[in-house]
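There are 4 protein chains.
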Amino acid sequence: MIVVMSQGATKAQINDVEKKLVQLGFKTHAIYGQVKTVIGAIGDKRLLNTESITSMPGVERIVPIMKPYKLVGRELKPTPTVVDVGGVKIGGPELAVIAGPCAVESEEALMETAVKVKESGARILRGGAFKPRTSPYSFQGLQKDGLEILASVREATGLKIVSEVLDTRDVETVDRYVDMFQIGARNMQNYRLLQEVGMTNKPVLLKRGLAATIEEWLMAAEYIAATGNSQIVLCERGIRTYETATRNTIDISAIAVIKELSHLPIVVDPSHAAGNWKYVGAIAKGAVAAGADGLIVEVHLDPPSALSDGPQSLRPEKFHQLMKEVGLVAQAVGRSL
Amino acid sequence: MIVVMSQGATKAQINDVEKKLVQLGFKTHAIYGQVKTVIGAIGDKRLLNTESITSMPGVERIVPIMKPYKLVGRELKPTPTVVDVGGVKIGGPELAVIAGPCAVESEEALMETAVKVKESGARILRGGAFKPRTSPYSFQGLQKDGLEILASVREATGLKIVSEVLDTRDVETVDRYVDMFQIGARNMQNYRLLQEVGMTNKPVLLKRGLAATIEEWLMAAEYIAATGNSQIVLCERGIRTYETATRNTIDISAIAVIKELSHLPIVVDPSHAAGNWKYVGAIAKGAVAAGADGLIVEVHLDPPSALSDGPQSLRPEKFHQLMKEVGLVAQAVGRSL
Amino acid sequence: MIVVMSQGATKAQINDVEKKLVQLGFKTHAIYGQVKTVIGAIGDKRLLNTESITSMPGVERIVPIMKPYKLVGRELKPTPTVVDVGGVKIGGPELAVIAGPCAVESEEALMETAVKVKESGARILRGGAFKPRTSPYSFQGLQKDGLEILASVREATGLKIVSEVLDTRDVETVDRYVDMFQIGARNMQNYRLLQEVGMTNKPVLLKRGLAATIEEWLMAAEYIAATGNSQIVLCERGIRTYETATRNTIDISAIAVIKELSHLPIVVDPSHAAGNWKYVGAIAKGAVAAGADGLIVEVHLDPPSALSDGPQSLRPEKFHQLMKEVGLVAQAVGRSL
Amino acid sequence: MIVVMSQGATKAQINDVEKKLVQLGFKTHAIYGQVKTVIGAIGDKRLLNTESITSMPGVERIVPIMKPYKLVGRELKPTPTVVDVGGVKIGGPELAVIAGPCAVESEEALMETAVKVKESGARILRGGAFKPRTSPYSFQGLQKDGLEILASVREATGLKIVSEVLDTRDVETVDRYVDMFQIGARNMQNYRLLQEVGMTNKPVLLKRGLAATIEEWLMAAEYIAATGNSQIVLCERGIRTYETATRNTIDISAIAVIKELSHLPIVVDPSHAAGNWKYVGAIAKGAVAAGADGLIVEVHLDPPSALSDGPQSLRPEKFHQLMKEVGLVAQAVGRSL
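Protein chains in written order, with the working numbering: chain A, 40 to 376; chain B, 40 to 376; chain C, 40 to 376; chain D, 40 to 376.
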């Protein structure tokens, strides 16, 4: 950590900061510039509260040298993590494709969708039972019935299932049904929920918050890891920007950044990023070429009748075609589907 | 609602959309332009899922005419709501000032802070017992002990108290202690939590999410209102932008926009917006001049020793001075402190 | 165009708006909803000033139905434009790769770089002679000497050249040297400059402004086209967001959106988007897989000694390797390099 | 400057960086942490290109300690600058109010507007002769005729005038008419234009770019100052964010930040920030309470007939009322109107 003292900081202020740093267990090392003084503080104290230093008189700012996350960072674990979702690997040479409707609507529809996406190459089925909707008047999901349907479709098809959990009180129930928890973008900083899924031993698909920095996202993953569960898959799903032509702006370079900073696998959700099925294919192929470990794609038998996210859902035929195209791109970058 | 058909939409597609709209209970009215057709759909169906229309073949987009919120909007209730927090009014001619430390740290410190902020003009005491922290290694709050301390300080000082609730499982407990719930920015779209506080009869201070649009914020308020609790105070606390000179960018014009769209009162949190105590005064005065109904300000006896948010906390003397300045600005815009 | 009247608009206000619309040459068509009235205005008057309507009493807002651009849009010209840069086609089945240093520094260095990037597959050489630098104290380019060097390297290598023009007064000079003008991100809305290059018959590489919407970008292209030059290549180079891990956030979905809205070709600049050579490869491959018509990549013989943009420049060997990888991705999506 | 070496940087790489820094004239000082090494580089070399260091092998990043601007910063000139616009002071105890139409439309209209805004307290008249419009089909201004009109209205009313210059070729002409140049938001990084107005001895109103950081804005001012003209007034006019309820988001805290970092005066443009006359008053009062040195407000006799920016223009009566309210707020913060 480097402490930058402000112009005009007094010798006494500099001494006080050094003294405080020593109390906190750092070795200090001051560099006196022509105009400003900076103090190097040696010691990996990333778990300490450094705000106390920032608030001291004469301090301009703190420059952290170490990343604030430990367990999910590459600094201490350089080899990539491969997450195992009931036998399906995420983070290995083979891409993991997760597909299915936004929300579970009925057993018949989910079964038909599941069979089709499996034929096209998906290995994990998505489907929301608990839905976080912007409007209280929108369909909120089939809840426990939805989980039952998911489980019976898994039984029939062999697909693994992932479904979102919204409330700490539901973690135990959802845990009985799914192969992987999903933490949605809106809940990325719902820390109690992160801790609760961290106490299970199920893999967690952690979506990036709508306006979360990559560092905040990794800190959210750190919450899960710190509670004991390191089976985490990051999911880039677009961030909020000023551009309105797409629902969100997919941050494709986040893939390369995550690969550099973390050992966790990362998948991309082109459907929520685009908000429009017409752009899903381009984003999906771009993501795979850029190094994503997998995709999560919304597929619906009849988008106009979907109870949620119809406009961004692909029909099974379009998904099938997309998987063929994605397979070619995967090969071009040395992966398989 | 207006449905804009895409260029090249066929007559059959236009008919299908009209038919669907009629099924949903709308009266329709098509306008045939030179290049595109638009269909007006008459009927206040804001509670319907209109995504189904967007997904129909030939549809370019939907233009809603009515606001998606009902209970919190001005369209149906033009008179301003005044929220009553144990006798302290928010939304009336008198400004409501909420002040106190970010986190409750000890009874002695909170008591001293409370006495001082009360002398300076605050009517409600803030203090976090459950803290949402970006890092799992940071202080997470005194939890139930913090609530006990808040209650005993209320007893001694007569200040009303507001404290954040993070988890649906804690709502009942927190309800026993506080005069107003706080829903933090990270939980603005934690819909189960919104519903849970919506089922109490306590006022709710609803902070704007870090990247929430004003419409999404009002929809979050609508969740609380739809569950039965209309005692909601909105709190603007800065939004995430590309600018890094301040922690967030305070959206001061949101005050005027909210006053136009909603009947709910709005207060401003200059401390979280700025992230730096030096800018708190300018923002606080700007907010009051722009029409805010109150302020929520972080005050700490000794910011460098604060366990949370020290850099943006004012010392009691600075807060006292600020209150004097704010009082003058309040008078200039016809309010009192 | 749809005019949405505000709740409570009077009959007289509605009449006035209709009268005004008729004066402007529209046919009108009012739809009276339960709460609000909307007026459809038929006629393609996209060249008219519609702000005058927005300012009329009782008007809530205007909803345009037609796109505000004509010449660069797909509505009137559905077939893709292929731009010819001295024989190199941009927008056809073959990808166009533009490479070279940020700034022209010396003839020797540019010659060596040019030879190498040509061997790796680049067809057009980039190199700034006039540099827009954030600091007035940074290297501002070799100016006319830089253009001379570019021309002599073209002579020797057969590569076509593109270089940025910053000032209307330089357009004539730059025109004598380059095969394609570059309009930089900072000048995307420098309308006089757009008009000046619009009056030449040289192709123009139009970079997206740092915070430009896709619509504003197309309107900037419309300025060039409206002045008489339709040889325009759009260049996505990352937009400004809150994320600081990369210099900008590449908007990969803009490729698909542009392909839908416009007939112009689009290339991607992964170097400026990333601001860090380590991420250039991932973005370049992602862009090609997502449908970009080409790439513009910064290559420098010795990045640490570069006078500008060293951190994001690739060494020729790394560029060579990247071109091989990009070639495979291009093939996977049915393009060639 | 601090150079942070990456984890795993070799001793040789550290030595190379130190050697390079010494060559550039710095004294160096390495601090060897447990995991990473940082090198302090002493010497105020803010005018040097430090990118060359960033590109060296083993370097993770550079942390600048000094601000990149000198002339416009407070570090070297702590006392506030008061700019003199033909006798009207900006930056002193009295607020400077600039008002007038977006564009000059006719002499009669401008004269009437000028007389009215003067009566209400404005001291400087605004009015665009050269207009930067998003669409090439919109009104582009009366150009030189507009300047003539401005000059004759100045003659008649005694108001000083400010008008925008868009093109380096027009600087000389505009200089003959105006009392202050305006550099618009779109041209904030049009460096040749900044240099051209920097070579005159007229004050310059420098608007913040739509997505410019405060640091980039000050660097743009530095361009003007470095060319010889230090009569610069900064103008905050809203930044681009994801929020669409207002045209831009006014960054009110920028006032306090600028006051800390720079000695230049700052005024606020509530009209462009809001994009809607209804919000202009709240922003104007908020800005003054937050410490702005003045306002620039769009006023039009009949907004619906305005050729530009009608929706955000105030009628003279509304402007008159606003000035009274602003005067009270000014007094409350120790300023006068």
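Don't take every hint at face value.
To be verified - Below are the DSSO-like pairs computed for lysine-lysine, each with C-alpha atoms no more than 30 angstroms apart in a straight line:
(1) D:LYS75 to B:LYS116
(2) A:LYS109 to A:LYS183
(3) B:LYS58 to B:LYS128
(4) C:LYS75 to D:LYS106
(5) A:LYS58 to D:LYS357
(6) C:LYS317 to D:LYS357
(7) B:LYS59 to B:LYS128
(8) B:LYS75 to C:LYS357
(9) C:LYS106 to B:LYS75
(10) D:LYS50 to D:LYS75
(11) C:LYS106 to C:LYS183
(12) A:LYS59 to A:LYS109
(13) D:LYS157 to D:LYS317
(14) C:LYS157 to C:LYS241
(15) B:LYS106 to B:LYS58
(16) A:LYS75 to B:LYS109
(17) A:LYS106 to D:LYS116
(18) D:LYS357 to B:LYS106
(19) A:LYS75 to D:LYS59
(20) A:LYS75 to D:LYS357
(21) A:LYS106 to C:LYS241
(22) B:LYS75 to B:LYS50
(23) D:LYS357 to A:LYS109
(24) B:LYS116 to C:LYS50
(25) D:LYS157 to A:LYS106
(26) C:LYS183 to B:LYS75
Stated by the list, open to error - Computed far set for chain C versus chain A, every beta-carbon distance over 10 angstroms:
(27) VAL61
(28) ILE81
(29) MET238
(30) ILE322
If you're looking for bench data, these hints aren't it; they were derived computationally from the structure. Glycine residues also receive a C-beta, built at the ideal position from the N, C-alpha and C atoms.
Problem set entry | Hint numbers not upheld by this structure, sorted from lowest to highest | The structure conflicts with hints 1, 2, 3, 4, 5, 6, 7, 8, 11, 16, 17, 20, 21, 23, 25, 26 and 30, although it agrees with all the remaining ones.
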